[in-house]
Amino acid sequence: MGSESELSELQPTWQFLNPIPQGPLPTIPEPAAAPEVELIIDGRETSVPTGSTLLQATKSLGIETPTLCYLENLTPVNACRVCVVELEGSRTLVPACSRKVEAGMQVQTDSPRVRLSRRMVLEFLASSVDVSTAPELQQYMGQYAAEPERYGPSGPPALGNERDAAVPGHHVAPDGATAGTVEQPVKIDNELYIRDYSKCILCYKCVEACGEDAQNTFAIAVAGRGFDARIATEYTVPLPDSACVYCGNCIGVCPTGALMFRSEYEMREAGTWDESAQSETDTICSYCGVGCNLQLHIQDNEIVKVMSPIESGVTQGHLCIKGRFGWQFMQQPKKK
Amino acid sequence: MDLHLTKDTPSAAERLAVDSVLGESGLGRSDGVTSAALVGHEAAAGHAARANRHLLLPVLHAIQERMGWISHGALNYACQRLTIPPTEAYGVATFYALFSVQPKPPIVAHVCDDIACMANGAEQLCSEMTQRLGKAGTKSGAGSVTWHRSPCLGMCERAPAAMITAAGKRPSTTVVAPANGAAIERILEDEKHEEPPLVESQTMGSVPQAGSAELRLLRRMSRIDPDSIASYRAAGGYQALTRALELGPEQIVREVAASKLMGRGGAAFPAGIKWRSVASAAARPHYMVCNADESEPGTFKDRVVLEEDPFAVVEAMTIAGIATGCEKGFIYLRGEYPLALARMTNALAQARAAGLLGGSILGNTMSFDIEIRRGAGAYICGEETALFNSIEGFRGEPRNKPPFPTEVGLFGKPTLVNNVETLINVLDIVLEGSEAYAAIGTEQSTGTKLFCLSGHVARPGVYEVPFGTSLLALIELAGGVAGSGNMQAVLLGGAAGTFLTPQELDTPLTFESTRAIGATLGSGVVMVFDDTVNMQRVLLRVAAFFRDESCGQCVPCRVGTVRQEELLNRLFAEKTIGSTEDELHLLNDIGQAMRDASICGLGQTASSAIESAARVGLFNGRKH
Ligand SMILES: Cc1cc2nc3c(=O)[nH]c(=O)nc-3n(C[C@H](O)[C@H](O)[C@H](O)COP(=O)(O)O)c2cc1C
Ligand code: SF4
Ligand code: SF4
Ligand code: SF4
Ligand code: FES
Ligand code: FES
Numbered sequence: 001m002g003s004e005s006e007l008s009e010l011q012p013t014w015q016f017l018n019p020i021p022q023g024p025l026p027t028i029p030e031p032a033a034a035p036e037v038e039l040i041i042d043g044r045e046t047s048v049p050t051g052s053t054l055l056q057a058t059k060s061l062g063i064e065t066p067t068l069c070y071l072e073n074l075t076p077v078n079a080c081r082v083c084v085v086e087l088e089g090s091r092t093l094v095p096a097c098s099r100k101v102e103a104g105m106q107v108q109t110d111s112p113r114v115r116l117s118r119r120m121v122l123e124f125l126a127s128s129v130d131v132s133t134a135p136e137l138q139q140y141m142g143q144y145a146a147e148p149e150r151y152g153p154s155g156p157p158a159l160g161n162e163r164d165a166a167v168p169g170h171h172v173a174p175d176g177a178t179a180g181t182v183e184q185p186v187k188i189d190n191e192l193y194i195r196d197y198s199k200c201i202l203c204y205k206c207v208e209a210c211g212e213d214a215q216n217t218f219a220i221a222v223a224g225r226g227f228d229a230r231i232a233t234e235y236t237v238p239l240p241d242s243a244c245v246y247c248g249n250c251i252g253v254c255p256t257g258a259l260m261f262r263s264e265y266e267m268r269e270a271g272t273w274d275e276s277a278q279s280e281t282d283t284i285c286s287y288c289g290v291g292c293n294l295q296l297h298i299q300d301n302e303i304v305k306v307m308s309p310i311e312s313g314v315t316q317g318h319l320c321i322k323g324r325f326g327w328q329f330m331q332q333p334k335k336k
Numbered sequence: 001m002d003l004h005l006t007k008d009t010p011s012a013a014e015r016l017a018v019d020s021v022l023g024e025s026g027l028g029r030s031d032g033v034t035s036a037a038l039v040g041h042e043a044a045a046g047h048a049a050r051a052n053r054h055l056l057l058p059v060l061h062a063i064q065e066r067m068g069w070i071s072h073g074a075l076n077y078a079c080q081r082l083t084i085p086p087t088e089a090y091g092v093a094t095f096y097a098l099f100s101v102q103p104k105p106p107i108v109a110h111v112c113d114d115i116a117c118m119a120n121g122a123e124q125l126c127s128e129m130t131q132r133l134g135k136a137g138t139k140s141g142a143g144s145v146t147w148h149r150s151p152c153l154g155m156c157e158r159a160p161a162a163m164i165t166a167a168g169k170r171p172s173t174t175v176v177a178p179a180n181g182a183a184i185e186r187i188l189e190d191e192k193h194e195e196p197p198l199v200e201s202q203t204m205g206s207v208p209q210a211g212s213a214e215l216r217l218l219r220r221m222s223r224i225d226p227d228s229i230a231s232y233r234a235a236g237g238y239q240a241l242t243r244a245l246e247l248g249p250e251q252i253v254r255e256v257a258a259s260k261l262m263g264r265g266g267a268a269f270p271a272g273i274k275w276r277s278v279a280s281a282a283a284r285p286h287y288m289v290c291n292a293d294e295s296e297p298g299t300f301k302d303r304v305v306l307e308e309d310p311f312a313v314v315e316a317m318t319i320a321g322i323a324t325g326c327e328k329g330f331i332y333l334r335g336e337y338p339l340a341l342a343r344m345t346n347a348l349a350q351a352r353a354a355g356l357l358g359g360s361i362l363g364n365t366m367s368f369d370i371e372i373r374r375g376a377g378a379y380i381c382g383e384e385t386a387l388f389n390s391i392e393g394f395r396g397e398p399r400n401k402p403p404f405p406t407e408v409g410l411f412g413k414p415t416l417v418n419n420v421e422t423l424i425n426v427l428d429i430v431l432e433g434s435e436a437y438a439a440i441g442t443e444q445s446t447g448t449k450l451f452c453l454s455g456h457v458a459r460p461g462v463y464e465v466p467f468g469t470s471l472l473a474l475i476e477l478a479g480g481v482a483g484s485g486n487m488q489a490v491l492l493g494g495a496a497g498t499f500l501t502p503q504e505l506d507t508p509l510t511f512e513s514t515r516a517i518g519a520t521l522g523s524g525v526v527m528v529f530d531d532t533v534n535m536q537r538v539l540l541r542v543a544a545f546f547r548d549e550s551c552g553q554c555v556p557c558r559v560g561t562v563r564q565e566e567l568l569n570r571l572f573a574e575k576t577i578g579s580t581e582d583e584l585h586l587l588n589d590i591g592q593a594m595r596d597a598s599i600c601g602l603g604q605t606a607s608s609a610i611e612s613a614a615r616v617g618l619f620n621g622r623k624h
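Protein chains in written order, with the numbering used here: chain A, 1 to 336; chain S, 1 to 624.
Only chain A is shown next, with the shape it has when bound in the complex (with noise of 0.2 Å):
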């Protein structure tokens, strides 16, 4: 299956064969409207539709809950643990992320044992991957008080790919003086995008939207177990010998920064990146005729990167690769 964009450049090659029936336009009814959960959440009564998460209960009070691994084009893996509540009568906490609302339920979202996981979840990470282009998590640090220093100094980073090569269930006993890391070298194997897996923290953004929930390429998956469980490729073979088409929707999605336009980290690289600099563009994308929304963020009027907005109803911020990487034909081809 190709995806909508490529489908839609071929010639239709059917005809109608009954007339276009004419007369008012069908409507759609108005959906029943969902039967409402009434709960407590950190003393507040309130009610939301049934099948709501508790993330979406505690928004409609203006509770902000941090997240990492959910967004709402995706599945919910409800993997990093940021989310956790205290959910009375429960012996553990809960995901708000994906535990749906029940009738009665009493939760607390700023409990001491709600801001100690989400405390040391933050502190897990930023001790061991790279948070440096990760500004969500960043903020989220400082409003629990994170402190990933006091697990020791960082240890060596693994060399070549030797994280890629770790066999599961053995490893190298520590050694008592550093903490963990999993840094690594860079993978740069094609001209569009790279991966630094250094700054990865494993949220499985990159991994739905390669597969089910929007390009449905599987390029990308969860290999290896525990903590050297990564994303790679089958045999991690660069992406130019896998199935990748170049989306970059899991750019798109990604939270930390490990998945960057080339472009992005070649400036960022020799230091000429420049936020601030930038302006974002809204177009939509000429190539075909699906017209997805493109934002073009641009600096010193060259484009650096496209995105699409999440909310665009047409992309819900996914592309193909014509939108989200062809403006590298329009302009001056970068010297080498």
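Accuracy of the hints is not assured; some may be wrong.
[To be verified] Below, a list of computed lysine to any residue pairs in the SDA-like style, where the Cα atoms sit at most 20 Å apart:
#	chain 1	residue 1	chain 2	residue 2
1	S	LYS104	A	VAL167
2	S	LYS135	A	VAL172
3	S	LYS401	A	GLN106
4	S	LYS7	A	PRO240
5	A	LYS100	S	GLY412
6	S	LYS7	A	THR236
7	A	LYS100	S	LYS401
8	S	LYS575	A	SER154
9	S	LYS401	A	GLN56
10	S	LYS401	A	SER52
11	S	LYS575	A	THR178
12	S	LYS135	A	HIS170
13	S	LYS575	A	PRO148
14	A	LYS100	S	PRO403
15	S	LYS575	A	VAL172
16	S	LYS104	A	THR236
17	A	LYS100	S	GLU407
18	S	LYS401	A	GLY89
19	S	LYS104	A	ASP164
20	S	LYS401	A	THR53
21	S	LYS7	A	VAL245
22	S	LYS401	A	GLU102
23	S	LYS575	A	ARG150
24	A	LYS100	S	PRO402
25	S	LYS401	A	GLU88
26	S	LYS575	A	PRO156
27	S	LYS401	A	SER90
28	S	LYS7	A	ASP241
29	S	LYS575	A	PRO153
30	S	LYS401	A	ALA103
31	S	LYS401	A	LEU87
32	S	LYS401	A	SER98
33	S	LYS401	A	GLY104
[What the hints assert, rightly or not] Computed far set for chain A versus chain S, every beta-carbon distance over 10 Å:
#	residue
34	GLU30
35	PRO35
36	GLU45
37	ASP110
38	SER132
39	ALA158
40	ASP189
Rather than coming from a laboratory, the hints here were simulated on the basis of the structure.
We treat Cβ as the ideally placed atom computed from N, Cα and C, and that holds for glycine.
Got chain A sorted already, so can you dock chain S with the ligands onto it with the hints?
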């Protein structure tokens, strides 16, 4: 979805290995001739092929056993046959410790260095292995042999244990316990010459009480031929199934509920509630799973039951299937249990031949059949939802609950999951009635319980005692403390359990009284350490175990288990960051976050034994 495959093609042997599971295919062949040009460019298409994803694990086993590793070409062929994106199949293959995606010698010695073996000379065995074969992981024997360390092999009563896997045309898995360097090397030599290794009978002595009139669950141990259904029936086997068919599904469920039988897999959930939910679930079909993954360090009771009384498990599963409206059951069997696999395979065949499994059981209209699925070296796959994913051909990552398995389980259908030991209790409940059953044990913990005694006890093995027996009485039943004769600590419940001190031995072994002292019966592990054991090394091994076995899905467990292990290393090497108190405080924080915020029981209990050790003062290493 387009299946995109690299050019890597399978060898003839790899193809045969895959075909041995999936049947011969027309893929990559025209006019019966294999064409390399075609391979990689066509795939079995359609729903039928995709619906076979659950065969991925058996296919990976077949490749691993034939070749000793899973090559890119072999995986491509498997993916083509099953219509699975290769990247996902790679994710599955790299999840399991018994699979290798890198070339590896065909003969591998897996030497247990886990805690029960540690108390019985595992370190000496490992250094002996190093002397004989070089450092762990290096190749020897002209590249055909290697060895490495392994977590608990479920043979703790005969520690130290080792397992030898040999890939090839005649793949084999051989367990040696107790093991020594010479015995392991002899088997490696046999395997090199492709001769079936000679090992004497494995289960002798695993049930020291065998033959005692007081036994219930273990009453047939050593009294029947585990390979003969006739022998099982002569000892009263299959009377429970006959009785169950008279009672009918509803009455069976009522009896199980009234018996107050609690799950024996570690979580102590009332079996009756589960059976009732599955029986009444509207969605169809229903599935039944017997959890025989047993990988909790120190646990081996299920293995002994599966090896010595396999028909009891088949009969109990059949009753459970009938009671809850299942026509299909799976036994998810630990990959490291070769003898249990052979016995269960035989038992299923004999039961089928006798009309006790399959269509119209005992001439009745009910039908029920059982399939064995082997694990491949992943403790986490014993967690029920990870187990479903594993059977379905996905990575063994636990699912978020709710929904619970009784509603959305295997293949998304209502599923009954029970532990081996839980199930065999049902035979007596059905035969004697719930009242007689519940008269044994205590008010809240009914019946008898199997315990796995290992470490420094005089007669390690599986013991059966009524609930309420004290820990002291149980240890005395096993001949008391061995080794130096002075007990330092007992680990109750396994690596996910708690350490108790010699002062706590009068604790009655029931769900309620262990809970009252903040402990758990877990999977029935009772591991005794004498005062010569360096407890710091035991604790480091427990921490390493959880780090190795975390599936890696959620942050609290994936990173928490690493930070916990690092912290213990710092603490024991006296390289603390800040004061010891600071470190202990941090250890608490790590433990609480893992307990509170992890997805599944692995992360939630990964700090349990370690924190209990801190509480009872075992952090100071050797105590004299
Ligand atoms: C990490 C982990 C490993 C587990 N391993 C096993 C196992 O090997 N065997 C088992 O019966 N239950 C195991 N369980 C418990 C199962 O999830 C489940 O509760 C049990 O199989 C239910 O059966 P029961 O009610 O008869 O005990 C494990 C749980 C966790 C969290
Ligand atoms: S660019 Fe598209 S196809 Fe390639 S890995 Fe990312 S999401 Fe998958
Ligand atoms: S690469 Fe980005 S999107 Fe993918 S798992 Fe890592 S952090 Fe998440
Ligand atoms: S707690 Fe550990 S084993 Fe369980 S889902 Fe999380 S990472 Fe996986
Ligand atoms: S946002 Fe809820 S678990 Fe990640
Ligand atoms: S077999 Fe070695 S600890 Fe269990």
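Here is how each hint holds up against the structure:
1. S:LYS104 with A:VAL167: With a Cα-Cα distance of about 12 Å, the restraint between S:LYS104 and A:VAL167 holds, given a limit of 20 Å.
2. S:LYS135 with A:VAL172: Given pair S:LYS135, A:VAL172 holds - Cα atoms ~14 Å apart, limit 20 Å.
3. S:LYS401 with A:GLN106: Roughly 18 Å separates the two Cα atoms, so the pair holds.
4. S:LYS7 with A:PRO240: With Cα atoms ~13 Å apart, S:LYS7 and A:PRO240 stay inside 20 Å; holds.
5. A:LYS100 with S:GLY412: Holds: A:LYS100 and S:GLY412 sit about 18 Å apart, inside 20 Å.
6. S:LYS7 with A:THR236: holds (14 Å)
7. A:LYS100 with S:LYS401: At roughly 11 Å apart (the allowed maximum being 20 Å), S:LYS401 and A:LYS100 satisfy the hint.
8. S:LYS575 with A:SER154: Roughly 15 Å separates the two Cα atoms, so the pair holds.
9. S:LYS401 with A:GLN56: Given pair S:LYS401, A:GLN56 holds - Cα atoms ~19 Å apart, limit 20 Å.
10. S:LYS401 with A:SER52: holds (16 Å)
11. S:LYS575 with A:THR178: holds (10 Å)
12. S:LYS135 with A:HIS170: holds (14 Å)
13. S:LYS575 with A:PRO148: holds (18 Å)
14. A:LYS100 with S:PRO403: Within the cut-off at roughly 10 Å; holds.
15. S:LYS575 with A:VAL172: holds (19 Å)
16. S:LYS104 with A:THR236: holds (18 Å)
17. A:LYS100 with S:GLU407: Holds. A:LYS100 to S:GLU407 sits at ~15 Å (cutoff 20 Å).
18. S:LYS401 with A:GLY89: holds (15 Å)
19. S:LYS104 with A:ASP164: OK: S:LYS104 and A:ASP164 at ~16 Å, within 20 Å.
20. S:LYS401 with A:THR53: OK: S:LYS401 and A:THR53 at ~14 Å, within 20 Å.
21. S:LYS7 with A:VAL245: holds (17 Å)
22. S:LYS401 with A:GLU102: holds (14 Å)
23. S:LYS575 with A:ARG150: holds (13 Å)
24. A:LYS100 with S:PRO402: Holds. A:LYS100 to S:PRO402 sits at ~9 Å (cutoff 20 Å).
25. S:LYS401 with A:GLU88: holds (16 Å)
26. S:LYS575 with A:PRO156: holds (18 Å)
27. S:LYS401 with A:SER90: holds (12 Å)
28. S:LYS7 with A:ASP241: Given pair S:LYS7, A:ASP241 holds - Cα atoms ~9 Å apart, limit 20 Å.
29. S:LYS575 with A:PRO153: With a Cα-Cα distance of about 13 Å, the restraint between S:LYS575 and A:PRO153 holds, given a limit of 20 Å.
30. S:LYS401 with A:ALA103: holds (18 Å)
31. S:LYS401 with A:LEU87: holds (14 Å)
32. S:LYS401 with A:SER98: holds (10 Å)
33. S:LYS401 with A:GLY104: With Cα atoms ~19 Å apart, S:LYS401 and A:GLY104 stay inside 20 Å; holds.
34. GLU30: holds (29 Å)
35. PRO35: Fine: 19 Å to the nearest Cβ keeps A:PRO35 off the interface.
36. GLU45: A:GLU45 clear of chain S: closest Cβ-Cβ about 23 Å, beyond 10 Å.
37. ASP110: At roughly 14 Å from the nearest Cβ of chain S, A:ASP110 sits farther out than 10 Å, so the non-interface label holds.
38. SER132: Fine: 18 Å to the nearest Cβ keeps A:SER132 off the interface.
39. ALA158: holds (14 Å)
40. ASP189: holds (14 Å)
Every hint, counting from the list given before, is met by this structure.
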